[in-house]
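Just so it is clear: in the sequence shown, position 169 is 169 by our numbering, and no numbers are missing.
A couple of the hints might just be wrong.
No farther apart than 35 Å at their CA atoms in a straight line, the calculated lysine-lysine pairs in the DSBU-like style are these [stated by the list, open to error]:
| # | residue 1 | residue 2 |
| --- | --- | --- |
| 1 | Lys71 | Lys288 |
| 2 | Lys130 | Lys71 |
| 3 | Lys292 | Lys71 |
| 4 | Lys285 | Lys245 |
| 5 | Lys20 | Lys271 |
| 6 | Lys71 | Lys260 |
| 7 | Lys260 | Lys197 |
| 8 | Lys189 | Lys230 |
| 9 | Lys293 | Lys230 |
| 10 | Lys160 | Lys191 |
| 11 | Lys285 | Lys130 |
| 12 | Lys81 | Lys160 |
| 13 | Lys189 | Lys127 |
| 14 | Lys230 | Lys20 |
| 15 | Lys127 | Lys230 |
| 16 | Lys288 | Lys160 |
| 17 | Lys260 | Lys271 |
Because the hints were derived from the structure by calculation, they are not lab data.
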Amino acid sequence: MKTFLSIVVPVYNRAQLVPKAIASVLSQSLSHFELILVDDESTDNTVQVINTIDDPRIKLISLTENGGNAKARNVGWKASKGEWIVYLDSDDWFEPDYLENLSNNISEYPKADFFWTGVRFVNQNGKTIKEELWSPKEILPSSTFFDELRIGTNCGVAFKRDLLEQFNGFNEDFKASVDREFFLRISAKKKGLLIGKVLVNCLLGSHESVRKNYQSQFSAYSNLVQIYSKEIEATDSRKKWWYHKSMWLALYCSDFPQAKYFLKLTGYSLKSIFLFSIFSVFPLKVAKELHKKLA
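Please model the entire structure based on the sequences and the hints provided.
Right under this line is the structure:
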């Protein structure tokens, strides 16, 4: 029998979106799995919607207080039975052969500790914006994720159970950039591989998302640059990237003192000076739009 897989979907106020995520799991070409949905105390009718879907492979866990997506992810894997834990965001959906491809790669690369796949970004009208197959510059394990990291739980990530146990899962002190923090922790010690197919669809739209909470993002990055100062300070390119990112998050939060602090840490790079100038001259909304266009 093939490796038993557990799919964990953290859910918060996703009554309109989570049915598509669930359907994409239940319609997989590989049917030997369990689907664990962890509701983070939704205030809409998410739980009622989930309960209308009848399938013995589904397990719903309802938290009694909102703990954030790190808490929900940890509750999910700890309640699971799988040898491998797969994460799916509640506003995304798998291609029908995602689990089959994952299972085949687990068999082909038994020394791998985690996998991710290519992702297709889709707007609310169903139009494909772009597809991305990302692989790091250096083979893992290494420190390469400090130079570039373009994967998260929206990229069909799957982890060996003992990896989650060894690293105590996700850091619940983080309310944003939870997956980035986790990948930074595991990348220097664990072997991760890209499955070279686009197997996940990621919805881009106006719905609420942790990625859009810039105050939480700024708090997370401020913590990360302190925790990993040694790794970040190892190269000039890392310093410029991390401090520039922290600077623009501070600017998005209208925190100019902190933005100036991180601008100084970039060594007053021209890119950072230019962006700081934009936010100094234009209203916040306009500056954000200009930044997104330039990025």
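Verification of the hints:
no., hint, result
1, Lys71 / Lys288, "holds, 31 Å"
2, Lys130 / Lys71, "holds, 31 Å"
3, Lys292 / Lys71, "holds, 31 Å"
4, Lys285 / Lys245, "holds, 18 Å"
5, Lys20 / Lys271, "violated, 41 Å"
6, Lys71 / Lys260, "holds, 33 Å"
7, Lys260 / Lys197, "violated, 42 Å"
8, Lys189 / Lys230, "holds, 17 Å"
9, Lys293 / Lys230, "holds, 32 Å"
10, Lys160 / Lys191, "holds, 11 Å"
11, Lys285 / Lys130, "holds, 25 Å"
12, Lys81 / Lys160, "holds, 12 Å"
13, Lys189 / Lys127, "violated, 38 Å"
14, Lys230 / Lys20, "violated, 43 Å"
15, Lys127 / Lys230, "violated, 42 Å"
16, Lys288 / Lys160, "violated, 39 Å"
17, Lys260 / Lys271, "holds, 14 Å"
Of the numbered hints listed earlier, those contradicted by the structure are 5, 7, 13, 14, 15 and 16.
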